[in-house]
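Below, each chain spelled out in residue letters.
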Amino acid sequence: MLWGYDGWFWASVVLGTLSFLVCVVQALRGKAPGDLTQGSVLLQEAFLLLYGLGSILMLFIGPEASGSVLEYWGYLLTALIIPAGTFIWSLVERSSWSNWILAATGPTIIVMVYRMNFIWYYQ
Amino acid sequence: MAHDPIPPKPDEDASPVDPAGQAPVQGTGGVLQRRFGPRGQPVRKDAKSTGFGRVIIAIYGIFALSAGVRAIYQIGTQFDVAPLAYLLSLFAAVVYVLAAVALTRAGRVWHRVATAAVLIEMAGVIAIGAWTFIAPDLFADDTVWSHFGQGYGFIPLVLPFIGILWLWRTRPMAGLDDVPLEREIA
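These protein sequence lines are chains S and D, in that order. The letter at position 48 of the first sequence is residue 48 when you use the working numbering, and the numbering goes up by one with no holes. If you want the working numbering, it's the position in the second sequence, counting the first as 1, plus 123.
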């Protein structure tokens with residue numbers, strides 16, 4: 001726990017920020033989505049899947065979320081849709097604008113994990 | 124509405140960039156694109172479906188999703204806490220869905236629908252934003268539009284203005300070469 005947030009949150013901050021920066025740089029360079037930008041979003045999807053597995057595990061072994069469990073899962077499922085959606089988007093739209101869409105994923109996921117963190121510990 | 128000799132086909136109104144047999148836009152994608160990307164399908168090229176238009180649609184889509192899920196959840200589980208706030212949230216979500224759908228569609232009617240949705244949203248965020256400052260006790264819980272969208276980084280306040288500018292730039296009668304909205308239905 002650092003400043004009231006757990007490792008999951010900080011991991012999402014690192015992944016999301018790096019992905020955001022990479023995507024913005026590639027977008028500004030006028031590049032179409034490539035392995036770097038698409039991969040950075042898929043990495044976040046993998047992270048969220050791991051986060052989801054961890055959450056399922058906590059249903060059995062650990063303390064539950066202090067706040068609304070339903071809301072927590074609502075956030076998690078919505079978060080899982082976002083990188084998948086932006087990735088599919090980048091497959092279809094092959095212009096540098098797609099990198100802006102991919103860039104939006106990171107900050108959005110950080111906010112979603114922040115909300116889940118809040119529900120888990122403080123709600 | 125003028126009679127179109129050719130019926131509009133939204134997904135086929137632009138010719139494919141590459142002839143059949145060649146990989147689409149070769150050289151712009153990596154391993155992931157080749158593995159998961161579409162192969163040789165025609166793509167839309169109108170203003171609504173490329174570039175900045177898509178960014179706006181994506182943001183509206185995210186707001187439609189997040190506001191909608193949140194509103195349905197709150198109405199389903201704790202409607203008594205703040206009925207007014209939750210009904211307003213649901214209304215806001217419906218407007219976002221309408222705007223997102225209308226923005227993806229070509230043609231004048233959809234353009235008007237999108238304009239109306241964005242204007243309602245602009246009025247909503249300003250009115251509800253002011254209302255939550257004047258009479259905060261009416262709102263036991265936050266909406267997307269509370270305090271001018273503060274809970275969502277003021278994006279709800281900025282978004283309708285960007286949306287209306289975009290709609291103005293791509294309006295069917297604009298006559299701008301770089302935003303050929305008419306071409307896609309002609």
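The hints are simulated quantities; they were obtained by calculation from the structure and are not laboratory data. For each residue, glycine too, the CB sits at the ideal point set by N, CA and C. Among the hints, erroneous ones may be present.
[As the list claims (entries may be wrong)] For the chain D half of the interface with chain S, some residues (derived, Cβ under 7 Å), not all of them:
id, residue
1, R177
2, V178
3, I195
4, Y196
5, A239
6, I243
7, A246
8, W254
9, I257
10, A258
11, G274
[Claimed, not checked] Selected chain S positions facing chain D (Cβ under 10 Å, derived; list incomplete):
id, residue
12, D6
13, P63
14, E64
15, S66
16, V92
17, R94
18, S96
Results for each hint:
1. Hint status for R177 (chain D) relative to chain S: holds, with the closest Cβ pair at about 6 Å, below 7 Å.
2. With its C-beta approaching chain S no nearer than about 5 Å, V178 (chain D) sits inside the 7 Å limit, and its interface hint holds.
3. Using the Cβ-Cβ criterion of 7 Å, the hint placing I195 (chain D) at the interface with chain S is not satisfied: the shortest such distance is roughly 9 Å.
4. Interface restraint check: Y196 (chain D) against chain S, minimum CB-CB distance 5 Å, threshold 7 Å, status holds.
5. For A239 (chain D), the suggested interface contact is broken, since its CB lies about 26 Å from the closest CB of chain S, more than 7 Å.
6. Annotation: I243 (chain D) was flagged as interfacial toward chain S, and the flag is violated, the nearest CB pair being 24 Å apart, outside 7 Å.
7. Nearest Cβ of chain S to the Cβ of A246 (chain D): about 26 Å, over the 7 Å cut. The hint is violated.
8. A hinted interface residue such as W254 (chain D) counts as satisfied when its beta carbon comes closer than 7 Å to some beta carbon of chain S; here the least separation is about 25 Å, so the hint is violated.
9. The closest approach between the C-beta of I257 (chain D) and any C-beta of chain S is roughly 28 Å, which is over the 7 Å cut-off, so the hint fails.
10. A cut of 7 Å between beta carbons decides the hint on A258 (chain D): the least distance to chain S is about 26 Å, and the hint is violated.
11. With a cut of 7 Å, the hint placing G274 (chain D) at the interface with chain S is violated, because the nearest CB-to-CB distance is about 10 Å.
12. Because the smallest distance between the Cβ of D6 (chain S) and any Cβ of chain D comes to about 22 Å, over 10 Å, the interface hint for this residue is violated.
13. Contact between P63 (chain S) and chain D, as hinted, is not supported at the beta carbon level, the nearest pair being about 21 Å apart and thus beyond 10 Å.
14. A hinted interface residue such as E64 (chain S) counts as satisfied when its beta carbon comes closer than 10 Å to some beta carbon of chain D; here the least separation is about 17 Å, so the hint is violated.
15. The restraint placing S66 (chain S) at the interface with chain D is violated, with a minimum CB-CB distance near 16 Å, outside the 10 Å limit.
16. A distance limit of 10 Å between C-beta atoms decides the matter here; for V92 (chain S) the minimum to chain D is near 6 Å, and the interface restraint holds.
17. Using the Cβ-Cβ criterion of 10 Å, the hint placing R94 (chain S) at the interface with chain D is satisfied: the shortest such distance is roughly 5 Å.
18. The closest approach between the C-beta of S96 (chain S) and any C-beta of chain D is roughly 9 Å, which is under the 10 Å cut-off, so the hint is satisfied.
Hints 3, 5, 6, 7, 8, 9, 10, 11, 12, 13, 14, 15, counting from the list given before, are not met by this structure.
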